[in-house]
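Peer 1: Numbering (the working numbering), first residue to last: 1 to 319.
Derived from the structure by calculation, the hints contain no laboratory data.
Beta carbons: idealized from backbone N, C-alpha and C, even for Gly.
Just so you know, not all the hints are guaranteed correct.
Stated by the list, open to error - In silico DSS-like pairs for lysine-lysine, Cα to Cα no more than 30 angstroms straight-line:
{"hint": "1", "residue 1": "K316", "residue 2": "K218"}
{"hint": "2", "residue 1": "K273", "residue 2": "K194"}
{"hint": "3", "residue 1": "K316", "residue 2": "K287"}
{"hint": "4", "residue 1": "K41", "residue 2": "K218"}
{"hint": "5", "residue 1": "K288", "residue 2": "K218"}
{"hint": "6", "residue 1": "K288", "residue 2": "K78"}
To be verified - Simulated restraints on C-beta separations:
{"hint": "7", "residue 1": "R198", "residue 2": "Y276", "range": "13 to 23 angstroms"}
{"hint": "8", "residue 1": "A96", "residue 2": "T282", "range": "54 to 64 angstroms"}
{"hint": "9", "residue 1": "K104", "residue 2": "L281", "range": "23 to 33 angstroms"}
{"hint": "10", "residue 1": "Y276", "residue 2": "G319", "range": "48 to 58 angstroms"}
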Amino acid sequence: MKWFLFLFFVHLSALKVDKVVIWGCKLHSHTHSYIHYGFDKAFRHLGYKTYWFDENDNVSDFDFKNTLFITVGLADKKIPVRDDCYYLLHNPENPALKEMVGKKRAITFQVYTHDVLPRPGLIRLDRCTFVAKDYHCVYMPWATDLLPHEIDAIMQKVPISKERVLVWVGTYNNGSFGNYSELQPFIRASRKNKIGFRHINPWTQPASMEENIELIQKSYLAPAIVGAWQKEKGYIPCRIFKNISYGRLGITNSQTVFELFEGKVIYNSDTEKLFYDAYRLTPEEEKKLVLEQMQFVKERHTYLNRASLLLDTLEKFAG
């Protein structure tokens, strides 16, 4: 915690930033709102003046001088664009914002997939984390929405009592980007072992962040199963970071996730076999592995880590 306080202070002081504005995608309005929530929570926790606006807010009297903005292209049309501010941009669409990169007032950040690997001039910072050689863009995975001290508190409760039901919170569908065919063998194996299945669609059955954590904690297993497209592209779902940080065993059919976690998660590309790989663990084996995974996420995969990386990159680019 003290280290992050120091890093954020150094970077924001160098940039002469005195406040942070998250722009667009208010909580639960879009899947990207959970990314914004993670950044908002990180900056607030460290004591920075942090605001979350969108195009429907009246900000005519707000002083945006020396602001660090974080935004996404689908919500950036009415964002204030100023030469005395800095910007962290995900898939920007606003032409004026794109010009800010040329003025060294903005960098972009993208979620990691294998598609970035052939690009020339990338600097590898970590597994699945790269920065462009001129520092104008960062490629990285997402993260858990919990902070390190919150993960510490849950670690004290492991093993957490669970129910004989598999709870899946999120999308569960067919199609090119779907995960239905990958989830089905895992669900069938669960049911063969008298473990039920419950699907919760967050758009039709919205739950608070606290309720979502409780749902995952009660789930007998909480796998991060990716669809065929995500598996091929090496997309890393935030689900793996979140579920582990909530106290559940990390389970995946993604080789990329397995490698990112340095072999510390249960992995099998065959999701029926994946179920049994996790199901056969003794309580002692599971507890030991869960705590090891949680420590890994706490140290390397929170939004404090991601924000620190972006600030460091922005300072180098602007300098």
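Peer 1: The structure should be examined with respect to each hint, and the outcome stated for every one.
Peer 2: Hint check results:
Under the criterion of a C-alpha separation no larger than 30 angstroms, the hint pairing K316 with K218 is inconsistent with the structure, at around 44 angstroms. Taking the CA atoms of K273 and K194, the gap is near 16 angstroms; set against the 30 angstroms cutoff, the hint holds. Distance check on the hinted pair: K316 and K287 sit about 41 angstroms apart at the alpha-carbon level, beyond 30 angstroms; violated. Restraint check for K41 and K218: satisfied, since their Cα atoms lie roughly 24 angstroms apart, inside the 30 angstroms limit.
In summary, the hint linking K288 to K218 is supported, as the alpha carbons are separated by about 19 angstroms, within the 30 angstroms threshold. Distance restraint check for K288 and K78: the Cα-Cα separation of roughly 49 angstroms exceeds the 30 angstroms cut-off, and the hinted pair is therefore not satisfied. In this structure, R198 and Y276 meet the distance hint of 13 to 23 angstroms, their C-beta atoms being roughly 21 angstroms apart. Between A96 and T282 the beta carbon distance is about 58 angstroms. The supplied range of 54 to 64 angstroms therefore holds.
Roughly 51 angstroms separates the CB atoms of K104 and L281, a value that falls outside the hinted 23 to 33 angstroms. For Y276 and G319, the hinted distance range of 48 to 58 angstroms is satisfied, since their beta carbons lie about 53 angstroms from each other.
Of the numbered hints stated above, those contradicted by the structure are hints 1, 3, 6, 9, listed in ascending order.
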